[in-house]
Amino acid sequence: MIWNEFIECMDRERLTKLQSERLHSMVERLYYNVPFYRSKFQENGIEPGDIKNIDQLRDLPFTNKQDLRDNYPFGLFAVPPSEVVRLHASSGTTGRPTVVGYTRKDLETWSEVVARSLTGAGGGKNDVLHIAYGYGLFTGGLGIHYGAEKIGAAVVPVSGGNTQRQLQLMHDFGSTILACTPSYALYLAEALAEAGISTDSLKLKAGIFGAEPWTLEMRCAIEKKLNIKAIDIYGLSEIIGPGVACECLHQNGLHVYEDHFYPEIIDPDTLEVLPEGRIGELVFTCFTKEALPLLRYRTHDLSQLNYEKCECGRTLTRMKKCLGRSDDMLIIRGVNVFPSQIEAVLLEMSETKPHYMLFVDRINNLDVLEIWVEVEDQFFSDEIKKLEGLRKKIQHNIESVLGINANIKLVEPKTIERSEGKAKRVIDKRKL
Amino acid sequence: MIIKQLSVFLENKSGRLTEVTETLASANINLSAFCVADTAEYGILRFITNKPEEAMTVLKENGFSVHITEVIGLIVPNESGGLHKALKLLSAEGISVEYMYAFEVGDRATVIIRTDSASQAVSVLQQHKMDLIKASDIYDV
Numbered sequence: 001m002i003w004n005e006f007i008e009c010m011d012r013e014r015l016t017k018l019q020s021e022r023l024h025s026m027v028e029r030l031y032y033n034v035p036f037y038r039s040k041f042q043e044n045g046i047e048p049g050d051i052k053n054i055d056q057l058r059d060l061p062f063t064n065k066q067d068l069r070d071n072y073p074f075g076l077f078a079v080p081p082s083e084v085v086r087l088h089a090s091s092g093t094t095g096r097p098t099v100v101g102y103t104r105k106d107l108e109t110w111s112e113v114v115a116r117s118l119t120g121a122g123g124g125k126n127d128v129l130h131i132a133y134g135y136g137l138f139t140g141g142l143g144i145h146y147g148a149e150k151i152g153a154a155v156v157p158v159s160g161g162n163t164q165r166q167l168q169l170m171h172d173f174g175s176t177i178l179a180c181t182p183s184y185a186l187y188l189a190e191a192l193a194e195a196g197i198s199t200d201s202l203k204l205k206a207g208i209f210g211a212e213p214w215t216l217e218m219r220c221a222i223e224k225k226l227n228i229k230a231i232d233i234y235g236l237s238e239i240i241g242p243g244v245a246c247e248c249l250h251q252n253g254l255h256v257y258e259d260h261f262y263p264e265i266i267d268p269d270t271l272e273v274l275p276e277g278r279i280g281e282l283v284f285t286c287f288t289k290e291a292l293p294l295l296r297y298r299t300h301d302l303s304q305l306n307y308e309k310c311e312c313g314r315t316l317t318r319m320k321k322c323l324g325r326s327d328d329m330l331i332i333r334g335v336n337v338f339p340s341q342i343e344a345v346l347l348e349m350s351e352t353k354p355h356y357m358l359f360v361d362r363i364n365n366l367d368v369l370e371i372w373v374e375v376e377d378q379f380f381s382d383e384i385k386k387l388e389g390l391r392k393k394i395q396h397n398i399e400s401v402l403g404i405n406a407n408i409k410l411v412e413p414k415t416i417e418r419s420e421g422k423a424k425r426v427i428d429k430r431k432l
Numbered sequence: 001m002i003i004k005q006l007s008v009f010l011e012n013k014s015g016r017l018t019e020v021t022e023t024l025a026s027a028n029i030n031l032s033a034f035c036v037a038d039t040a041e042y043g044i045l046r047f048i049t050n051k052p053e054e055a056m057t058v059l060k061e062n063g064f065s066v067h068i069t070e071v072i073g074l075i076v077p078n079e080s081g082g083l084h085k086a087l088k089l090l091s092a093e094g095i096s097v098e099y100m101y102a103f104e105v106g107d108r109a110t111v112i113i114r115t116d117s118a119s120q121a122v123s124v125l126q127q128h129k130m131d132l133i134k135a136s137d138i139y140d141v
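Residue numbers (the working numbering), protein chains in the order written: chain A, 1 to 432; chain B, 1 to 141.
Just chain B, with the same shape it has in the complex (with noise of 0.2 angstroms):
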């Protein structure tokens, strides 16, 4: 249930995003999932793939520097309070989230949710049958 979430440190300088897609395109690497978060003078790119070591692995040898992160990826119903729900289980539980980013595939809405123990958050979530997407699910998004 733990997802391997790459995260790239980006100077604030224009075409160093692109330098990134660039090198991962290159290598085959496809991106389920992404966001970007940014300071005035830098950023950072957090993103999901299907192939996380390789992607470190070229992104390595191109000089960028490269974290590996575990998240979790939580499957919201289509319905109001859906998020609520499981933000509270968590709080409830005393596991911070340090940030969450959305996407959605095809009527599903999916959150990845970087917490302070990703592995806290997925027995929490799963004792309350909150519905968890895979590792292996997302890579292949």
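In isolation and in its complexed conformation, chain A is listed as follows (with noise of 0.2 angstroms):
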């Protein structure tokens, strides 16, 4: 089913058009409105009026998260506070939070993003949308609660937490729909195997899932273990929150609501625009952003982008599954390591949980990393001589994908802290 199919469908050359109408008049909101872009703009020279053609996107300055924190709280709002009707802020474990703001426009918007996102995902007015996102000054709670209540269906806002009442809930109510971040939706599989409920006694079809990067094999894990289609969503705060692009049922990229939200790929370290098909780090223009219209905002997440039409019948532009981000990769003795590399190597192996975290340490000017992997219950064994085989098989495989040599450490079952939000999978103590 397709929620918009007026836009979702429309093709290349009229939704090019409305982009180039929709810059336009954005970077005039910009100029009038927004000190911090008006100056941006005299300095390269840019009169509001000069740009008519999508294609001028790229000779426009990129906005960082920093240009956020410096301008904390409101400073790159575009309205006058009486138009804004909701404020978000990310946690900021460093400094100050990111603020963001809505007017009602904007909030109509973001429902729409996601009634398209949970209609793609098979959701309707029949489902009962149990989302388990947190409801509060993170966008994910409230984000897909406006989407799924102009779909029509039932949503149970039950927020994070509380495993035990969540299970109950998603058994008595007949859930159809999950919405929460992976790796809670692995823990609930796992309370829910504990709890001995089978998810033949579930209604459960799909999962919305997203806020945090994770793997193919996450990916098959969790449908194997809730019997469910998994379906990635992604969005950042700063752009609008969930529903920046969500996949349909095909699940081979998500599609990027482009009417709204025009995705760039660009190369980290030259800051050129690179060519469809390339990897490189995703930049989001907010063309109808009311209360915060940010122009070429650097997420630093790495995906690539697809304009082929989708089997679903969708024009709209795919990008790929985030893998990573920019700022996640760790440099550990020269080698680039993404903590999805080493996710991936565990969940290929049967013996180990997707539970894991990475430290990096550096001892006598070496960098050291040092994994910490559950022993699955079932497959522990009472000879050493067995458990040492399974740390030097997992030692080997990660040594044969990252090229490099990690201390491997068995902990006990539930040793790693289950994460209710977004997980924390690595403690660089370089840094500290």
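What the hints contain is simulated information worked out from the structure, not anything from laboratory work. Among these hints, one or two may not hold up.
Said to hold, decoys possible - Heads up, simulated BS3-like pairs for lysine-lysine below, C-alpha to C-alpha not over 27 angstroms straight-line: (1) B:LYS88 - B:LYS134; (2) B:LYS129 - A:LYS385; (3) A:LYS386 - B:LYS60; (4) B:LYS88 - A:LYS386; (5) B:LYS13 - B:LYS88; (6) A:LYS224 - B:LYS60; (7) B:LYS88 - B:LYS129; (8) B:LYS4 - A:LYS385; (9) B:LYS134 - A:LYS414; (10) B:LYS13 - A:LYS392; (11) A:LYS409 - B:LYS60; (12) B:LYS13 - A:LYS393; (13) A:LYS424 - B:LYS13; (14) A:LYS386 - B:LYS4; (15) A:LYS65 - A:LYS414; (16) A:LYS414 - B:LYS88; (17) B:LYS13 - A:LYS386; (18) A:LYS414 - B:LYS4; (19) A:LYS409 - B:LYS13; (20) A:LYS385 - B:LYS60; (21) A:LYS409 - A:LYS385; (22) B:LYS13 - A:LYS353; (23) B:LYS13 - A:LYS385; (24) A:LYS309 - A:LYS353; (25) A:LYS414 - A:LYS353; (26) A:LYS309 - A:LYS17; (27) A:LYS320 - A:LYS224.
The model shown is predicted, which means the values in this text are computed figures rather than measured ones.
Bring the two chains, given one by one in their own frames, into a single complex with the hints.
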């Protein structure tokens, strides 16, 4: 099913024209309403009337997360405070939080893109949507919430935490779609198995998972354990929240709602726009946002774009599942390592669980990577030679993928903290 | 003749063994025999108890990795060559010993032996009239 066929299946020529018009009016709004952008335009000799075509976007300046922090809290807002009806903020582990604002129309836009996402995942008015994303300042919970109401689904706004109650409600209410982070989905699957609840007794058919990067192997594990279709939804609060892009049931890339959020892929070093199909950093421009319209916002998420029409009929470009962030990347002994690569290795092995922690340290001027891996109960052996064999196997598999040697530490099940929000998997002691 | 032994995976951190013994004590479970194997990073507590199933359940509930292994208990006469005779019989039949540990009750020594096949080991040793301890006897030690 397609929520907005007019937009989602629009031919490219018409869409490009719409994007060009929207860029033109956005640049005008930025010039007249946001001093930060006006001075940037003036520095670069850009007059608002100059920008008439989407191809000219590549000449416009980027926006960075630091710009939001420097203009904390409302400095980049393009509307007077009276027009703002909602504020969200990121946790901001270092320094100030990132604050985002919405006008009434922005909230409508957000509901619209989430409605498209949920419909694409097979959702409709007969569904019961179990929303276990956190409600509050985090955009996950409320973002999915209004889109789910828009498609007429019955919303269970359970938010995060209290896993036992979650299981009971999911079972008793006959929830059909689960929305949460992928790591929490796995946690719920484990808790279900422990509580002896069979997935046959649930009505779950799909899950909408996002807010953190997850691998294809993790998708397979979730689909198998919960017996559902696991759909990847993408978003970031600076752009709008969840619903910037989402997979359809073909699970072959996430459709970007590019009538609102225009994607570019750039080389993070040269900042040049890369041609279609190349992997690089995702950059978004929010054409229609009123409160916080960001121009060429650098996400640091790595992806690639595919403009071919999807089997589902949608013509919107598809971004490849994000498999890492350019700033998540660890450099260990000169080798680029993404936590997602390690996750993929562990998930390929039946003996281990997808719960792991990476510790990076520098001992005697040498980078050391230690990986904590939980030993799956049924593979725990009382023979040390078998456990040592398992440890060596993990070490070998990691080395063959990453090219670096890691210390593997086997830990008891449940030793690694289960996250009910975004999973924290890396502790880099070199930075402490 | 086959005895159920429990093994618990333990991380090398202080107090972890105490948590196991505490869990067992509060469930009123008595240990008949035990040994700890250790590596630099983790250890395995192996023990025999009067209530193996109950011990398994209570440990799992408390988040431990537990495994039940079949072992045999050999009563060794307190004289030279007593253990040697039994081990020779096993190796002659190609049964390998993974590990073993001994405990003493009164003047009688008992050796717990983990082989690759507990049932084969029992039949070989019984054929040669070696003295094996019954599961029910050791559980109540």
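Right, here's what the structure says about each hint:
| no. | hint | verdict |
| --- | --- | --- |
| 1 | B:LYS88 - B:LYS134 | holds, 22 angstroms |
| 2 | B:LYS129 - A:LYS385 | violated, 32 angstroms |
| 3 | A:LYS386 - B:LYS60 | holds, 21 angstroms |
| 4 | B:LYS88 - A:LYS386 | holds, 25 angstroms |
| 5 | B:LYS13 - B:LYS88 | violated, 39 angstroms |
| 6 | A:LYS224 - B:LYS60 | holds, 24 angstroms |
| 7 | B:LYS88 - B:LYS129 | holds, 14 angstroms |
| 8 | B:LYS4 - A:LYS385 | holds, 21 angstroms |
| 9 | B:LYS134 - A:LYS414 | violated, 36 angstroms |
| 10 | B:LYS13 - A:LYS392 | holds, 22 angstroms |
| 11 | A:LYS409 - B:LYS60 | holds, 21 angstroms |
| 12 | B:LYS13 - A:LYS393 | holds, 24 angstroms |
| 13 | A:LYS424 - B:LYS13 | holds, 23 angstroms |
| 14 | A:LYS386 - B:LYS4 | holds, 20 angstroms |
| 15 | A:LYS65 - A:LYS414 | violated, 35 angstroms |
| 16 | A:LYS414 - B:LYS88 | violated, 43 angstroms |
| 17 | B:LYS13 - A:LYS386 | holds, 21 angstroms |
| 18 | A:LYS414 - B:LYS4 | holds, 26 angstroms |
| 19 | A:LYS409 - B:LYS13 | holds, 13 angstroms |
| 20 | A:LYS385 - B:LYS60 | holds, 23 angstroms |
| 21 | A:LYS409 - A:LYS385 | holds, 15 angstroms |
| 22 | B:LYS13 - A:LYS353 | holds, 22 angstroms |
| 23 | B:LYS13 - A:LYS385 | holds, 21 angstroms |
| 24 | A:LYS309 - A:LYS353 | violated, 37 angstroms |
| 25 | A:LYS414 - A:LYS353 | holds, 10 angstroms |
| 26 | A:LYS309 - A:LYS17 | holds, 18 angstroms |
| 27 | A:LYS320 - A:LYS224 | holds, 22 angstroms |
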